[in-house]
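Asker: Sequence:
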Amino acid sequence: MTLLSGPSAVSDLHTTNGTRRNSTLICAPVMAESVDQMLVQMGKAREVGADLVEIRLDFLKNFSPRQDLEILIKHSPLPTLFTYRPAWEGGQYKGDDNKRQDALRLAMELGADYIDVELQVAHDFYNSIQGEKPEKVKIIVSSHNYQKTPSTEEIGDLVARIQATGADIVKIATTALDITDSARVFQVLVHSQVPMIGLVMGEKGLISRVLSAKYGAFLTFGTIEAGVVSAPGQPTVKDLLDLYNFRLIGPDTKVHGVIGNPIGHSKSPHLYNAAFKSINFNGIYLPLLVDSVANFIDTYNSPDFVGYSFTIPHKEAGLKCCDEIDPKAKEIGAVNCMIRRTTDGKLIGYNVDYLGAIAAIEEGLQALNGSSNTSGSLLAGKLFVVMGAGGAGKALAYGGKEKGARVVVANRTYDKAKALANKVGGEAITLAELENFHPEDGMVLANTTSVGMKPRTDQTPVSKKALKHYSLVFDAIYTPKWTRLLQEAQESGAAVVFGTEMLLNQAFVQIENFSGVPAPKQLIRDVLARNT
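In this text, residue positions in the sequence shown follow this note's numbering: the first is 283, and each later residue adds one.
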């Protein structure tokens with residue numbers, strides 16, 4: 283299937299800073315065992331910027347319907363949505379269903395703004411109120427699928443069934459088995475003729491929660507605190523507002539992101555979204571947990587999905603999905619940036635990894651030598667050992683060759699090391715052989731493997747005793763900033779260069795490529811410093 287653009291499109295991609303561009307509400311779930319605890323959470327929800335609260339009655343212990351509802355409604359600082367979720371729909375309530383529905387009817391009478399009724403009992407509920415409900419209250423009829431995301435046709439049929447109950451607002455929540463599952467919900471959401479909430483649960487469904495604003499959803503859910511979720515994959519209210527600039531997302535907002543697996547560690551969304559907001563660029567940048575690059579690109583083929591960064595392990599797969607490839611990226615054999623050309627929609631692949639990393643290493647050597655050496659690269663003539671022969675390894679080896687270094691590729695499997703070494707006129711060894719590899723002192727070492735990245739921060743790709751022969755060590759990993767490799771390199775007397783420098787240098791280039799405007803470099807550095 284393919285994904286259509288949003289309901290409208292404009293050519294001007296630069297916005298008036300701070301203008302709210304959508305009507306999608308942010309709803310904070312409130313889950314606590316006592317009314318007093320709920321009131322505290324409701325106050326916090328208002329402080330963090332939520333528009334309304336979902337009060338989960340099924341979490342209350344010793345629930346006294348009339349007394350508790352009166353207090354919650356009277357003292358809520360925000361509009362209220364009451365949900366009393368039964369166990370058979372993924373909730374906590376296991377009692378008599380008539381009593382559960384009685385409590386929801388009472389919430390309506392006492393002044394609730396919204397109530398949530400499950401599709402399975404919606405006809406019974408509507409029959410019980412016989413068309414009588416306060417004008418103020420809106421009834422959300424909901425369906426939750428905790429196994430998968432059905433086909434577009436099945437979701438459409440489900441929406442029609444929910445509409446037929448008399449629902450004021452349709453809610454459908456499905457489960458993401460793949461990031462492309464959200465596209466089917468977007469397809470239905472953008473064409474819905476009634477107010478609709480459409481969400482895809484799980485980490486691979488995050489895109490649905492953020493882009494709900496682009497596709498016109500009635501609301502999305504954001505948690506008051508990180509990790510305290512009412513459904514899998516919910517971001518915090520703070521992240522929606524401050525990280526993803528949720529209020530600035532509109533139907534014509536252009537979608538960008540970083541494609542990787544895993545991706546939760548990535549700092550790129552912090553940098554790019556802050557930069558986009560600073561330069562008033564109408565774009566959003568998302569972490570994209572992708573299993574198949576080809577499937578992702580084929581599915582999200584709308585003109586509104588315009589630019590991607592690539593990280594482990596997808597830099598080589600990204601190359602295969604390009605319509606055209608920049609000559610340097612072709613020579614390297616991997617891309618870390620893809621841009622959809624506006625004139626014909628073709629996807630163009632670039633590699634700025636080598637620019638970002640080599641610049642960082644050269645700056646490190648300059649600091650080490652205490653000179654600016656304008657006559658050529660400080661890497662020229664150096665023995666440059668690159669660990670890893672994947673996408674980043676290819677970029678570093680190519681960059682080293684271009685700067686006149688003597689390149690050695692060290693990889694777990696010799697064949698991959700040899701294939702890359704042949705391309706750059708270098709030497710190949712295995713990582714095991716690297717332990718005793720020291721033809722000379724003052725070598726430069728670059729790690730492009732994922733060994734030592736969170737959560738396995740106790741690991742290192744090479745032993746400490748092997749590091750004494752290097753004058754400078756660079757690690758492309760930036761979570762953590764101080765990897766075990768860099769700590770041990772410093773202890774061994776080598777200068778160290780952080781992966782954050784590579785991240786920054788390539789971000790400067792990509793942000794300008796995406797937006798057409800020079801990157802706000804100091805702002806980006808400041809944002810990264812706050813988030814590492």
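Derived from the structure by calculation, the hints contain no laboratory data.
Check each hint, because a few of them may be wrong.
Using C-beta positions, here's what the derived DEER-type ranges look like [as the list claims (entries may be wrong)]:
no., residue 1, residue 2, range
1, Glu485, Lys381, 33 to 39 Å
2, Asn718, Gly663, 42 to 48 Å
3, Lys520, Leu805, 46 to 52 Å
4, Ala649, Leu805, 21 to 27 Å
Ideal placement from N, C-alpha and C gives every residue a C-beta, glycine not left out.
Asker: Go through the numbered hints given earlier and state which of them the structure violates, listing their numbers in rising order.
Answerer: Result: hints 2 and 3 break, sorted rising.
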